[in-house]
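Listed below, chain by chain, are the residues.
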Amino acid sequence: MAEPAGKRSTAAGTTAGGPGRVLVAVYGVFTLAAGSRAVVQLATRFSEAPVAYLLSAFSAVVYGVATVALARGGRRTALAAISVELAGVLVVGTLSLADRAAFPDETVWSGYGQGYLFVPLVLPVVGLWWLRRSRRAQGAPTDEPPSSS
Amino acid sequence: MVAVTVVCALLVLAGLASTLARRRIGLLHLWGAALLEVLLVVQTVLAVVALVRGERPEETATFLGYLAGIVLVPVAGALWARSEPTRWAGTVLAVAGATVAVMVWRLLQLWEATGG
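Protein chains in written order, with this note's numbering: chain L, 1 to 149; chain E, 150 to 265.
Derived from the structure by calculation, the hints contain no laboratory data. None of the values given here were measured: they were computed from a predicted structure. From the three backbone atoms N, C-alpha and C, an ideal C-beta is built for every residue, glycine too. Among these hints, one or two may not hold up.
[Claimed, not checked] Taking CB as the label site, the calculated pair distances span:
1) R132(L) x V194(E): 45 to 55 Å
2) V122(L) x V220(E): 23 to 33 Å
3) F46(L) x A262(E): 14 to 24 Å
Put together the whole structure using the sequences plus the hints.
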């Protein structure tokens with residue numbers, strides 16, 4: 001593990017410190033994006049594509065839970081939410097490409113999030129990686145290589 | 150609109166620069182966010198005036214959603230970045246700046262869909 005040493009002084013171990021803070025910010029943005037999209041869709045034309053719009057709402061809830069859990073350090077909740085998110089973007093992405101008729105209108109996860117520069121696809125992977133990494137920093141100092149500097 | 154985009158770009162650059170330089174954010178970043186917020190408020194007022202006068206964008210509800218959401222982003226970003234003592238605060242502001250840039254672009258798109 002050739003980790004660059006030197007940023008140990010950051011709030012390592014919490015999920016909302018250092019790079020985690022950026023992650024929370026991005027999750028916050030997506031909560032806003034998915035949530036407002038869902039509200040508009042459900043409020044103005046629910047009958048057109050109820051499945052897609054309910055999925056929008058569901059994804060907004062997932063993003064919201066992940067945001068709060070990461071911000072407050074709830075690892076288990078964050079892990080669950082991000083896992084659901086990853087599964088969601090993969091399943092919805094695949095289905096939306098395989099069967100366009102079933103998804104007449106866009107959700108955040110359609111086409112693996114291509115309407116959002118594929119950030120929805122990358123985000124859960126980064127999130128899971130961050131959860132792993134920040135836990136190592138918090139829990140097990142054995143993982144740290146004996147630093148010679 | 151152009152001014153907003155320029156300030157967004159500057160905020161993104163300044164935020165990323167401070168992260169790369171491993172520095173915390175300074176007053177410059179906060180002023181940048183403040184300037185962006187002022188521009189957004191002006192833009193909102195202009196848009197509301199136009200709406201009151203009877204101009205209607207294609208999807209009024211979506212438009213209003215973006216309009217309301219966009220003014221919150223710099224404030225939330227600045228608050229969230231200020232309480233971060235590490236170099237990553239700059240990236241948080243960069244995220245906020247990029248978000249505003251995308252949202253402004255969408256707003257403009259919706260507005261121009263009026264067709265006059």
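Hints, verified against the model:
1. R132(L) x V194(E): 45 to 55 Å: Distance hint for R132(L), V194(E) holds at roughly 46 Å.
2. V122(L) x V220(E): 23 to 33 Å: With Cβ atoms ~27 Å apart, the hint holds.
3. F46(L) x A262(E): 14 to 24 Å: Check passed, 22 Å falls within 14 to 24 Å.
This entry satisfies every hint, going by the numbered hints stated previously.
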